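Residue numbers (our numbering), protein chains in the order written: chain Y, 1 to 225; chain W, 226 to 814.
Rather than coming from a laboratory, the hints here were simulated on the basis of the structure.
Note that the structure is predicted; figures quoted are calculated from it, not measured.
C-beta: ideal position from N, C-alpha, C; glycine also.
Fair warning: there could be bad hints in the mix.
[Claimed, not checked] Stretches of chain W that chain Y covers, calculated by requiring three or more beta carbons in the stretch to come under 8 Å of a beta carbon on chain Y:
no. : stretch
1   : 414-420
2   : 451-457
3   : 481-492
4   : 515-524
5   : 669-676
[Claimed, not checked] Per the computed footprint, the stretches of chain W lying under chain Y, defined by three or more beta-carbons under 8 Å from a beta-carbon of chain Y, are:
no. : stretch
6   : 398-410
7   : 462-471
8   : 528-538
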Amino acid sequence: MQILKALQIKPWLAQDQETESFSLVPNREKAASTALKFFLAVITVIFFLFTITFLQRTQSYDFQALSGEPWLPFTNASILWQNSIYLIMASISIILAKKSADLLSFKGVFISLTTTALFTVLFIGGQVQVWQQLNQSGFYIYANPANSYYFLLTGMHALHIVAGVLVFIRCIWLFSLDLSYQRLASRLKLCARYWHFLLFIWLFLFFLLTGDAQTFKTIALFCGF
Amino acid sequence: MENIAVADQVDQSSHPSSFLSKYVWSQDHKVIAIQYSITAILVGLIALILSGIMRLQLGFPNEFSFIDPSSYLQFVTMHGMIMVIYLLTALLLGGFGNYLIPLMIGARDMVFPYLNMLSYWTYLLSVLVLVSSFFVSGGPSGAGWTLYPPQAILSGTPGADAGILLMLISLAIFIVAFTMGGLNYVSTILQARAKGMTLMRMPLTIWGIFIATILGLLAFPALLVSAIMMIFDKVVGTSFFMPAILSLGETLDHSGGSPILFQHLFWFFGHPEVYIVALPAFGMVSDVIAVHARKNIFGYRMMVWAIVAIGGLSFVVWAHHMYVSGMNPYFGFFFATTTLIIAIPTALKVYNWLLTLWRGNIHLTVPMLFAIGFIFTFTHGGLTGLMLGNVVIDLPLSDTFFVVAHFHMVMGVSPVMVLFAAIYHWFPLLTGRFLNKALGKFHFWGTFLGTYAIYLPMHYLGFLGVPRRYFAMGETDFIPESAQTLNAGITVSAIIVGLVQLVFIVNLIWSTFKGKKSGRNPWQATSLEWQTAQFPPGHGNWGEHVPQVHRWAYDYSIPQVKDDFIPQNYSPAEVEYLSRDQNNSREER
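Using the sequences plus the hints, can you model the full thing?
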């Protein structure tokens with residue numbers, strides 16, 4: 001634990017040569033990477049808190065899980081699987097885009113960036129489709145806490161994806177200005193990390209929101225709710 | 226991989242030339258800091274006026290026709306929310322954080338200047354949304370600054386329509402602004418420090434701001450989550466926090482929600498918020514005391530550890546705000562214990578400030594007066610915190626004026642004392658001029674004695690059982706008439722303290738243009754912000770070369786050294802020593 005070691009230094013004593021020559025050689029990529037780590041921590045806290053409140057609510061008398069019985073929407077969650085595949089594809093193609101940028105291949109960059117954008121848009125579209133289907137089948141946002149949480153959590157997730165897309169568009173725009181593959185690669189590296197993180201959050205939400213009553217009971221028992 | 230040193234990027238951010246790019250759409254951290262500060266102080270003045278109106282009602286009930294029970298609750302709510310979030314958080318982190326971080330760690334600017342600018346404008350938007358609620362039908366929310374559901378969004382509560390929505394939306398916008406700023410602060414501190422500026426060489430101001438920012442980044446999401454869920458309850462008709470409820474004889478559509486859940490979320494943010502405000506204040510007061518006592522801060526390492534420990538502990542004490550909401554007795558025991566444990570690192574800091582003063586060469590300058598004043602008010606507020614942290618003492622005192630007195634002393638008056646100390650201390654860095662000393666001393670004594678005149682008697686009102694948030698006491702058996710006299714006295718003191726702040730504002734404006742010139746480094750401080758090439762520091766802060774750091778920030782009164790301070794950027798070769806004769810004669814003196 002480097003930080004614990006750092007906290008034990010006595011700065012009032014004469015410093016050894018190593019500390020004296022301490023240099024961060026700061027650069028933008030490192031700074032952006034640090035900021036992204038903290039940002040991901042912020043998002044984690046947001047979804048963690050939503051999850052805690054959700055798990056508590058699963059045990060209330062009026063909670064009706066969205067899967068388990070044949071008439072419930074996510075007993076057959078094929079459309080959500082389809083959306084998951086879109087997001088996985090977007091996550092893979094953004095890595096390919098980064099690799100293509102490392103190889104200075106314009107064609108590779110172009111194809112993989114287009115694929116990323118396409119699959120991300122397909123994911124968002126797929127999510128909107130699920131919301132519409134839920135509404136059409138009478139699973140309104142206010143009808144049941146499970147529905148409320150479904151709309152709320154997937155909505156928050158989609159909002160984060162949209163924010164990511166805006167940053168992604170900015171990367172492409174900046175690349176079109178300076179055509180520096182090096183900078184594009186370093187930006188795409190961070191974009192990819194964000195995409196993977198949101199994929200992870202989505203898979204977690206998928207598991208959480210499509211659980212049946214028995215699963216929630218087990219989780220709640222385990223968590224002490 | 227390309228390696229662009231942030232330190233060498235001064236010319237990349239072109240120097241702003243037009244008025245707009247220099248003072249309005251500026252990406253310079255110093256200008257953004259001033260924008261943050263002015264906005265926060267202006268909105269704080271609104272909250273100050275609201276508190277004056279509340280005091281008029283409490284001191285002289287039924288004398289003022291423009292205050293009715295509804296508007297009183299609205300003033301309470303807006304006063305609390307503005308002071309805690311839009312003034313203190315914004316001024317300490319947005320104002321001082323922005324100004325001091327790059328200068329104190331030897332950076333040219335924040336690592337993301339554009340994001341920094343965006344952070345300020347988003348903050349301004351949140352302020353405008355909040356203030357706009359004064360002008361909508363029904364007025365601002367009157368739910369109390371804690372916004373507890375169900376009453377916050379039910380008809381019957383003042384501002385339950387547009388007011389509460391604007392409040393929640395404004396909070397969400399503020400959190401977005403804070404996140405943009407906060408990511409900048411932590412990334413800058415971690416990635417853009419000058420050569421030689423190790424973590425343990427950073428001034429305590431930076432440590433306080435650093436840990437407070439991390440707390441903010443991890444705690445504000447709880448407020449965001451609760452605000453979003455409450456907006457859904459209000460607008461879409463979900464039941465996250467709303468139980469089955471009968472309101473004004475009508476059965477509402479909500480069912481099954483938990484109001485207590487909101488309280489948990491709110492205080493999971495609310496308690497760290499206390500330290501988001503307190504930690505930067507702890508840091509700044511440490512530096513002010515060390516500089517004006519010409520002594521190194523006592524126990525630097527302990528001070529850093531205490532800041533980190535307080536930050537960590539602040540996340541496990543939140544439910545001490547909810548003893549009266551009802552909870553498992555073991556939880557009460559747990560939260561009381563953790564709350565009392567926080568007293569250890571906090572007391573350690575108080576002792577270290579005192580020990581820094583002990584045998585120091587104390588200069589009773591205006592910043593130092595405010596810093597010493599802070600030690601008094603903070604100790605006072607902290608001690609009543611020990612009382613309220615215990616379940617058995619909290620239960621009878623909860624929702625009385627004792628609590629109001631406690632939290633105003635500990636997180637109202639104390640951080641404000643530090644803010645004043647900091648403004649008087651760093652004003653020469655901003656303007657090259659001192660704030661007027663005589664007006665400053667008048668301001669200090671008026672504020673210090675005045676706040677005691679307000680809050681000491683308030684503790685007694687609490688002991689008597691006078692409840693908070695009541696528009697008028699009416700006739701009761703347990704509150705004697707003398708309590709009303711005390712209330713009137715408190716109001717007179719509050720009005721006087723409010724007026725004394727006008728002297729400060731006048732001083733601020735007058736000294737900016739006509740104040741006595743300070744010259745470079747007027748307090749003879751060691752930290753980097755005073756060692757810039759240009760004074761006051763210009764765009765890019767450091768001229769051609771960023772400084773190299775050779776020592777910590779507290780080399781004061783080192784024996785055998787010619788001056789009684791060694792700036793952080795002085796190499797061992799640059800330090801001038803006294804000859805043996807001079808040293809002997811100094812010792813004899």
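Each hint tested on the structure:
With 5 residues having a beta carbon nearer than 8 Å to a beta carbon of chain Y, the stretch 414-420 of chain W meets the requirement of three or more and the stated coverage holds. Coverage of the stretch 451-457 of chain W by chain Y holds in this model, with 3 residues showing a Cβ closer than 8 Å to a Cβ of that chain against a need of three. Restraint check on the stretch 481-492 of chain W versus chain Y: 5 residues with Cβ-Cβ distances below 8 Å, three needed, restraint holds. Against chain Y, the stretch 515-524 of chain W contributes 1 residues with a C-beta closer than 8 Å to a partner C-beta. That does not satisfy the three-residue criterion, and the hint is violated.
Only when three residues or more bring their CB closer than 8 Å to a CB of chain Y does the claim for the stretch 669-676 of chain W stand; here the count is 0, and the claim is violated. As drawn, the stretch 398-410 of chain W meets chain Y at 4 residues by the rule of a beta-carbon pair under 8 Å; at three or more, the given contact holds. Coverage of the stretch 462-471 of chain W by chain Y holds in this model, with 4 residues showing a Cβ closer than 8 Å to a Cβ of that chain against a need of three. With a cut-off of 8 Å between beta carbons, the stretch 528-538 of chain W has 3 residues touching chain Y; three or more are needed, and the interface restraint holds.
Hint violations for this structure: numbers 4, 5, all remaining hints satisfied.
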